[in-house]
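2 protein chains.
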Amino acid sequence: MENERLLMLPGPVPVPERVRQAMMRQAINHRGPEFGTAYAECVGVLKECFGTKNEVYIISGSGTAGMEAAVANFGRGKKIASMVNGKFGERLRDIGQRYGDATAVDSAWGTPLDLEALAAALEDGAEMVTMVHNETSAGILNPAKEVGKLARKHDALFVMDGVTSVGGDEVLVDDWNVDVAIVGSQKCLAAPAGLAAVAVSERAWEQIVDDRPYYLDLAAYRKSGRKSPMETPYTPAVPLFLALAEATAIIREEGMAARIARHRKMSAAVRAAVSAWGLSMFPQIDAVSAYSNTVTAVKMPDGVADSALRGTVKRLGIEIAGGQDHLKGRIFRIGSMGAVGAPEILATLAAVQYALKKAGVPGVTCGLGAAAEVLDA
Amino acid sequence: MENERLLMLPGPVPVPERVRQAMMRQAINHRGPEFGTAYAECVGVLKECFGTKNEVYIISGSGTAGMEAAVANFGRGKKIASMVNGKFGERLRDIGQRYGDATAVDSAWGTPLDLEALAAALEDGAEMVTMVHNETSAGILNPAKEVGKLARKHDALFVMDGVTSVGGDEVLVDDWNVDVAIVGSQKCLAAPAGLAAVAVSERAWEQIVDDRPYYLDLAAYRKSGRKSPMETPYTPAVPLFLALAEATAIIREEGMAARIARHRKMSAAVRAAVSAWGLSMFPQIDAVSAYSNTVTAVKMPDGVADSALRGTVKRLGIEIAGGQDHLKGRIFRIGSMGAVGAPEILATLAAVQYALKKAGVPGVTCGLGAAAEVLDA
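The listed protein sequences derive, respectively, from chains A and B.
Take 429 as the starting number for the first sequence in the working numbering and just add one per residue.
Take 429 as the starting number for the second sequence in the working numbering and just add one per residue.
Keep in mind the hints are simulated off the structure, nothing from the lab.
It is possible that part of the hints are untrue.
Copies of one chain are not kept apart here, so a pair can be met inside one copy or by any two copies together.
Claimed, not checked - Quick list of in silico lysine-lysine cross-link-like pairs, BS3-like style, CA-CA up to 30 Å:
(1) Lys655 <-> Lys742
(2) Lys507 <-> Lys727
(3) Lys651 <-> Lys742
(4) Lys573 <-> Lys507
(5) Lys756 <-> Lys651
Using the sequences provided together with the hints, build the complete structure.
Next comes the structure, spelled out in structure tokens:
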């Protein structure tokens with residue numbers, strides 16, 4: 429729409445009207461039943477998104493605050509194996525190094541995680557494993573189940589960044605032995621940016637450290653979360669909770685299975701177009717990792733400037749993402765998370781296709797039919 | 429209005445329609461000129477509210493996150509004198525104890541801070557002083573200028589919680605030698621809850637510690653804040669920034685001097701009614717401390733149950749605050765911060781007066797005339 433950019437990024441994502449409308453409400457007291465009900469409604473649906481019976485707490489802060497809470501409350505002083513194959517894996521490694529003795533189990537960005545090296549690190553005494561489930565910087569979906577199995581075998585805690593998978597792709601925290609899982613509000617949940625939710629296992633609680641941060645002290649969130657009505661320990665970002673309650677109501681209405689199927693279909697449509705254009709996917713996947721179902725990372729064709737490609741798309745009212753850090757100019761990324769449907773995907777693919785042709789990429793044939801066929805299935 | 433409670437609390441406060449409307453905007457990319465402009469607009473007005481030329485950063489989190497950021501970035505390992513005469517002073521003391529060697533300089537809640545004991549603590553080597561400017565738990569305004577003078581004399585850093593004074597009452601960070609000052613969005617700024625802003629002096633920057641938290645690492649906020657367009661290091665709560673930009677636009681339109689005068693008039697009107705009712709103010713003030721100009725704390729008349737008083741007021745659609753912790757049932761508090769004007773004050777005083785009479789408090793004469801006279805001046 430005019431004066432609105434269509435954000436096809438790996439977050440933030442377009443927020444449905446009724447979710448934004450929820451923020452218009454006049455201020456309410458956050459120590460009372462109305463707020464407590466909204467909080468509880470969010471948590472009820474989030475448990476389903478996480479695939480867990482564990483308690484879930486909502487922090488007023490970004491996904492990074494949730495990641496720090498996980499490591500600071502349960503990993504301080506621990507030997508940590510930080511799985512890295514992209515930017516957010518590096519962030520978890522950095523946080524691990526602030527609080528514990530974290531060593532990166534490195535793979536090149538966008539290549540499969542090194543499970544043998546992880547096994548060795550665990551043999552070597554790692555007490556916590558951190559992993560990004562859906563690594564948006566590289567468009568790869570990492571094997572949470574396999575990593576969780578290894579971690580549990582060695583009795584290590586498993587911290588999983590599910591910031592961009594929870595609510596969009598299949599996440600099974602309990603089945604996968606995830607001890608602390610994190611999601612951000614502005615990704616697959618299709619709510620505004622500003623909240624993180626954290627699901628914590630009983631095993632993790634048994635290992636909570638004494639020297640905890642204050643604002644991110646999860647023991648305080650647990651205590652307040654168990655009050656009736658539910659509360660947060662410090663003043664919450666009330667409008668964002670009200671928005672998230674509406675966003676989770678939409679998730680409940682759609683149903684998790686249907687929502688996951690929709691996300692998979694959208695990203696499959698993007699991949700179909702990429703293939704028809706003769707371009708290459710950026711990630712290298714193996715039997716246990718996969719292409720992300722919420723963001724597609726594509727190798728930039730030779731000789732095309734990032735600014736030319738994304739600039740053309742932007743002039744058509746659509747924002748897609750470039751590469752981060754050393755991948756700047758080497759890849760482009762199309763997000764397909766949250767509330768987006770066929771119209772947004774088709775518009776984006778048409779704009780990207782036009783930009784590729786305009787940039788003189790040879791052999792770009794129309795990929796819209798292939799994409800539409802997937803969407804129509 | 430129907431279905432809306434009038435919140436006359438020491439925050440959260442009613443949020444003007446145009447501020448809430450700003451949140452309705454479709455999601456925008458937080459790495460771009462639109463967000464950067466909104467952030468810069470907020471900061472421009474906040475500097476005026478703080479009375480500072482120092483840089484100001486906005487954290488997506490509550491005032492408590494801002495308080496922790498101040499202490500964690502500049503006070504870790506330091507000897508800290510924590511001035512306490514209410515609940516939030518205690519909170520700063522607790523945070524000080526998590527990061528440094530904090531000792532409380534205690535006064536009873538609602539009594540003047542002990543400046544002699546502070547001088548002794550500084551003589552004894554305290555390197556940081558923490559103080560709550562407007563202690564809402566007790567309705568007292570603490571002497572920031574005097575505390576700042578003492579701290580500077582001994583070359584100690586001065587951290588001031590201005591969560592409930594900045595934007596409503598006079599705050600002069602630079603003149604008062606405040607090194608780190610904090611404000612919350614949902615108080616005098618009349619924006620929704622969920623943001624904290626922090627003003628940091630060059631003196632503080634010279635003492636930044638190496639072992640900093642991650643999400644609250646102020647060096648990261650400084651680095652991102654100096655980019656053009658301005659950014660935050662991690663995903664910000666975008667709708668709350670847009671709301672705060674609108675709230676600060678309102679502050680600019682009103683003008684700080686007029687805004688301070690209005691807050692003083694509103695609280696003076698409340699005090700006039702309290703006096704006419706024959707009730708007593710809770711705080712004991714001296715030559716350098718004063719009654720808060722943003723929240724009025726009143727002793728609960730003998731024999732009146734908190735639930736009876738506030739319950740009656742609530743049935744009339746208005747929420748006022750009770751006492752916290754050991755003051756539960758012993759005081760009640762009327763907030764007058766943010767956007768409130770004469771109608772809200774008169775409605776609240778009429779409801780409280782009715783509740784007092786209904787509860788059988790003897791000798792309650794009509795205080796509305798006295799209040800209206802102040803408002804009409």
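- prompt: Which of the numbered hints are not met once you compare them with the structure shown?
  reply: When the structure is compared with the hints, only number 2 turns out to be violated.
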